[in-house]
Amino acid sequence: MSIKFYSKGAFEGCTGLKRITVPRKVKVIKEGTFTGCKQLEDVYFEGTMEEWNRINIIHHKHEVEFGQLIPGTPVQEVKAERMIFIPGNEAIFSANIHFLCRLPGENFNCSFNVKVGNKDITEFFRTI
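Count along the sequence shown from 1, add 102, and you get the number used in this note's numbering.
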């Protein structure tokens, strides 16, 4: 199962939340998802910056107040138009966002060696 959106209040009240990984398939972060997450410092996104910028992070609501119909048309007169701030996702805007970084080429397997002085300690860093 893959997460495509974070629902309203998903992490509400998680006051100790410092880091979170957001899957690449997330397209919407609904209003109030991170309400009260004042310690959120790092967001790790499993995609690129371009993909992150396409995520709809809901923090404003557009409201239009309509008046009477304009005579001879199916259009209503706009009386007022405003953007209303929706609290709850401020933490994600102040956190450090970290993006997936891939090396160029078809083969993404990296090799490395770690040495301390003349001693190779690479085996202690192998995780895969």
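Just so you know, these hints were derived from the structure itself, not from any lab. Backbone N, C-alpha and C fix where the C-beta goes; we use that ideal spot for every residue, glycine too. Treat the hints with care, since some could be wrong.
Okay, derived cross-link-like pairs now, DSSO-like style, lysine-lysine, Cα gap no bigger than 30 Å in a straight line [stated by the list, open to error]: (1) 106 with 132; (2) 110 with 120; (3) 129 with 140; (4) 163 with 140; (5) 181 with 132; (6) 110 with 163; (7) 132 with 120; (8) 110 with 127; (9) 163 with 132; (10) 110 with 129.
The following label-pair restraints were derived from C-beta to C-beta distances [claimed, not checked]: (11) 171 with 126: 24 to 32 Å; (12) 182 with 141: 34 to 42 Å; (13) 129 with 168: 27 to 35 Å.
Right, here's what the structure says about each hint:
1. 106 with 132: 11 Å, holds
2. 110 with 120: Holds - the C-alpha atoms of residue 120 and residue 110 are around 19 Å apart, at most 30 Å.
3. 129 with 140: With Cα atoms ~23 Å apart, residue 129 and residue 140 stay inside 30 Å; holds.
4. 163 with 140: 22 Å, holds
5. 181 with 132: 28 Å, holds
6. 110 with 163: Within the cut-off at roughly 14 Å; holds.
7. 132 with 120: 19 Å, holds
8. 110 with 127: 17 Å, holds
9. 163 with 132: Status holds; Cα separation ~11 Å.
10. 110 with 129: 14 Å, holds
11. 171 with 126: 24 to 32 Å: At roughly 46 Å between Cβ atoms, residue 126 and residue 171 fall outside 24 to 32 Å, so the hint is violated.
12. 182 with 141: 34 to 42 Å: 38 Å, holds
13. 129 with 168: 27 to 35 Å: 30 Å, holds
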